[in-house]
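Novice: Sequence:
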Amino acid sequence: MTLAMVLMVFLLGVRWILLVCSADTFIHAPKLGRFIVDVPLLRINFPTQLSVAPVGAKRLSKRPREMRCLLGAAPDECPCHLSDASFLVAKSLTKWEGIDMKPLTKLEQLRELAMDQHGLVTTEQALGEGVTHANLSMLVSRGRLQRVAHGVYRVPQVAETSADEYQLAVFWTGTPGACLSHETALSVRGLSDVIPEQIHVTVPLSRRIRRRGGEQYVVHREDLTPEDMSWWEGIPMVTVSTAIRQCIETGLPTYLIKQALRVSSGTSVLSAGERGRLEKLLSARDTGS
Numbered sequence: 003m004t005l006a007m008v009l010m011v012f013l014l015g016v017r018w019i020l021l022v023c024s025a026d027t028f029i030h031a032p033k034l035g036r037f038i039v040d041v042p043l044l045r046i047n048f049p050t051q052l053s054v055a056p057v058g059a060k061r062l063s064k065r066p067r068e069m070r071c072l073l074g075a076a077p078d079e080c081p082c083h084l085s086d087a088s089f090l091v092a093k094s095l096t097k098w099e100g101i102d103m104k105p106l107t108k109l110e111q112l113r114e115l116a117m118d119q120h121g122l123v124t125t126e127q128a129l130g131e132g133v134t135h136a137n138l139s140m141l142v143s144r145g146r147l148q149r150v151a152h153g154v155y156r157v158p159q160v161a162e163t164s165a166d167e168y169q170l171a172v173f174w175t176g177t178p179g180a181c182l183s184h185e186t187a188l189s190v191r192g193l194s195d196v197i198p199e200q201i202h203v204t205v206p207l208s209r210r211i212r213r214r215g216g217e218q219y220v221v222h223r224e225d226l227t228p229e230d231m232s233w234w235e236g237i238p239m240v241t242v243s244t245a246i247r248q249c250i251e252t253g254l255p256t257y258l259i260k261q262a263l264r265v266s267s268g269t270s271v272l273s274a275g276e277r278g279r280l281e282k283l284l285s286a287r288d289t290g291s
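Here our numbering runs 2 ahead of the position in the sequence shown, where the first position is 1.
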């Protein structure tokens with residue numbers, strides 16, 4: 003092996019080390035037949051099935067200006083906040099190895115969103131990512147997207163989960179601040195034997211929903227505070243205390259409410275003080291006092 007070949011192998015090794023060290027995440031994904039290296043705001047497609055993709059908290063789709071800058075600006079002029087090593091390695095890989103560096107497609111942008119939302123995206127979210135109404139219509143006509151409700155789309159490439167219908171219920175309202183509530187909040191948490199025939203959601207008092215396709219939902223109106231809110235499977239939902247209080251107010255049978263109080267007592271989801279207040283509220287309802 004000549005000195006020139008040794009030097010070339012050494013330089014290639016240094017460049018790969020710099021790339022990996024500048025990444026936020028290095029993941030081996032055997033099911034995808036590739037390695038994924040997460041360099042902020044950078045995506046490189048490798049002919050050898052080795053790819054660099056934004057798999058971390060930052061989504062490339064949210065920063066198109068920085069991608070354009072990465073493709074053209076000098077490091078000291080680029081607002082991407084990439085390290086010099088990341089910038090130089092990216093530029094050198096593109097120049098020396100003929101690697102295709104490009105921004106995400108419209109469908110990939112939507113898929114990035116949908117992966118955190120049970121395969122669903124809203125029209126408003128799509129527009130915020132620069133995906134137009136025309137883009138959405140085209141993707142639907144080509145079978146790349148499925149329109150599942152007014153202003154809500156499913157990305158078929160994202161696997162379905164048992165929580166999809168609950169995410170859809172929240173998105174169907176088209177209302178910021180909408181969340182799962184009442185019997186639904188108790189049921190999905192396994193705190194009560196209640197089996198709601200419809201999914202219960204709560205929206206702010208000021209909101210009036212006039213959308214079709216809501217036969218499977220019960221919409222309640224209440225101005226909730228941040229303390230009333232929590233999350234379940236990445237979906238906004240009222241806290242256990244708020245759900246039990248709502249069920250007391252809407253007339254859920256006493257034995258189901260007592261079951262929820264018993265199951266949740268002694269856990270982090272319901273404090274002793276909250277249980278005491280709810281028991282008094284239930285007693286007042288049942289005695290009519």
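Simulated from the structure, these hints should not be mistaken for lab results.
Don't take every hint at face value.
Label pairs and their computed distance ranges (CB to CB) [what the hints assert, rightly or not]:
1) Pro-255 x Asp-118: 19 to 27 Å
2) Arg-279 x Leu-129: 38 to 46 Å
3) Gly-236 x Gln-148: 37 to 45 Å
4) Lys-260 x Ser-139: 19 to 27 Å
5) Leu-129 x Gly-278: 44 to 52 Å
6) Arg-264 x Gly-130: 38 to 46 Å
Beta carbons: idealized from backbone N, C-alpha and C, even for Gly.
Novice: Each hint: holds or not?
Specialist: Hints, one by one, checked against the model:
no.	hint	verdict
1	Pro-255 x Asp-118: 19 to 27 Å	36 Å, violated
2	Arg-279 x Leu-129: 38 to 46 Å	43 Å, holds
3	Gly-236 x Gln-148: 37 to 45 Å	20 Å, violated
4	Lys-260 x Ser-139: 19 to 27 Å	51 Å, violated
5	Leu-129 x Gly-278: 44 to 52 Å	47 Å, holds
6	Arg-264 x Gly-130: 38 to 46 Å	44 Å, holds
When the structure is compared with the earlier hints, violations turn up for hints 1, 3 and 4 and for no others.
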